[in-house]
Every structure is written in C-alpha cells, then in structure tokens.
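S.K.: Sequence:
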Amino acid sequence: MNIERKVAIVTGGSSGLGQATAERILAAGGRVAIFDIDRQRGQAFAEAHAGKAIHIDVDVVLEESVRAGIRATLDAFGAIHICVNCAGVGQPRRASVHDTHSAAEFTRILQLHLVGTYNVTRLAGAQMMDNEPLARSGERGVIVNTAALDAQHNGSNQLAYSACTAGVAGMTRPLTLAMSTYGIRVCAIMPGVFDTPFKANLSPDARASLVTASRFPKREGDPAEFAALVGHIIENPYLNGEVIRLDGGAHPPSR
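Per the numbering used here, residue 292 is the first one in the sequence shown, and the count goes up by one each step.
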C-alpha cells in the first residue's frame, strides 16, 4: 500500500516508537490521527503538523473512547487505511512468589497492552472493510501491532508485560485469517530495547544487559528504525501474518 494520501491511526503516537511512526507516515505523504492520553505532547505534535495530523484523547481500553476516536478521524480525514498500535507502559515485577503483580496490577497492564491493542485493531479493521480495494493489490487496509521480545524470552522479570505481549504476538495469525478475507493485512513487530521513554521502566543494569545481548549493532534501537520497518510492512503487499523481530540479533539473558 502506497502511504501517500492514506490515513493512519497511531496509538501511543505522542512519543517513542509511536511518534517516530507518525513522522514516517507523514514524511511519506500520509495523514495521521494520534490516539494518546498524553494530551500535551499529542496536541503539540498535531500543531506542528497542522492539516496533516490530529491528536485525539483516546483511552484504548475503553471501547466507546476508541469508537469516538475513529469517528473523529473519519470527520477529519474521511477514511482509515492504516492502524499502528504502539500504546503501552512497562511495569517490571520479578516472577517470584515474593515479588509479583497484584491481580489489579496484572489486569491493568493486560488491559492496556493486549485488550487495548485488540480494541483498536478490531474497530479500525471494521472501518477498513468499507474501503474500496486498491486497484493493483486489492488491499483495503494494513494493521501493525507491537509486541516485544518478552513474548519469546521468558526470563524477563516483567511478568504481566511478558504475558500480554505474548498475547499480542499470538493473535497475529488468527487476526490475519479473519482480516485477509476483506483485503486487510496484519503483522506485528517484536522490538528489542529502543531509545524511548519506555526504557525508563527498566533498571540501568537491565538496559545494559539487553544492549550487550544484541549481536550487531551493540546499541539500543533508534525509533526511526522501528518506523522504517512499519513503513516497509505497509508498502509491501506480500507481507502478512508475520511477527518480525527487530533487535540486532539479540538473545536476551534472564533478568
């Protein structure tokens, strides 16, 4: 799908991976609706890209909030072709009897990362079904979700985050089977440690160990590199149903 003149929803688009993704889409001639509860940063981004980007105060966990965000996107830009889910926060807790999430904490993180991703995916996807298929590819839309290496490396001390990011990765194939009928592609990205505000939830030792675990290059990822992969997924019509690692060949140790 050519990004030019297409409309994208980017959750968590006011900072980090989401902001880099929004910038990548705008640079390619697209339009962006940022769904984010960080109103100050979101509005500043929208003002810096007036006419091309909007910020909508959306809580991805709440169905009606997402529906309102979709209505506002349609009012502003007339359609939705792309959805990229980047919203989330980390909450490190060791997977031990003495240091685990409470049920309330576990549910909160699961709601944000897994249920929130599903909410936006299903409601944006339902809107994409109304799009006219593109002449050459037959596509109606593209959805890119964000998982994490914690989905595969169970040594992580982020118990709830590991569970929900595994869920995001795990629902990629079922979503692909459901959405492909309508010409909508679904992929997910599993980033390693990136230079974003999200890493503030990790200890310096944990960040250092993840960088050391990267085979090459031995550094944190640049959000622009994540955004570049999002752009390629959108633009490559034969990429579908894939969960793609983006981590410098890392094999993270238990932490």
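Please note: incorrect hints may appear among the correct ones.
Unchecked claim - FRET-style restraints, in silico, Cβ to Cβ: (1) 532 - 495: 14 to 24 Å; (2) 332 - 362: 41 to 51 Å; (3) 355 - 426: 27 to 37 Å; (4) 513 - 402: 21 to 31 Å; (5) 353 - 532: 26 to 36 Å; (6) 513 - 355: 31 to 41 Å; (7) 330 - 472: 35 to 45 Å.
In short, the hints are calculated from the structure, not lab data. Ideal Cβ placement from N, Cα and C applies to all residues, glycine included.
S.K.: Give a verdict on every hint.
M.R.: Taking the hints in turn, this is what the structure says about them:
no., hint, verdict
1, 532 - 495: 14 to 24 Å, "37 Å, violated"
2, 332 - 362: 41 to 51 Å, "23 Å, violated"
3, 355 - 426: 27 to 37 Å, "35 Å, holds"
4, 513 - 402: 21 to 31 Å, "30 Å, holds"
5, 353 - 532: 26 to 36 Å, "28 Å, holds"
6, 513 - 355: 31 to 41 Å, "36 Å, holds"
7, 330 - 472: 35 to 45 Å, "37 Å, holds"
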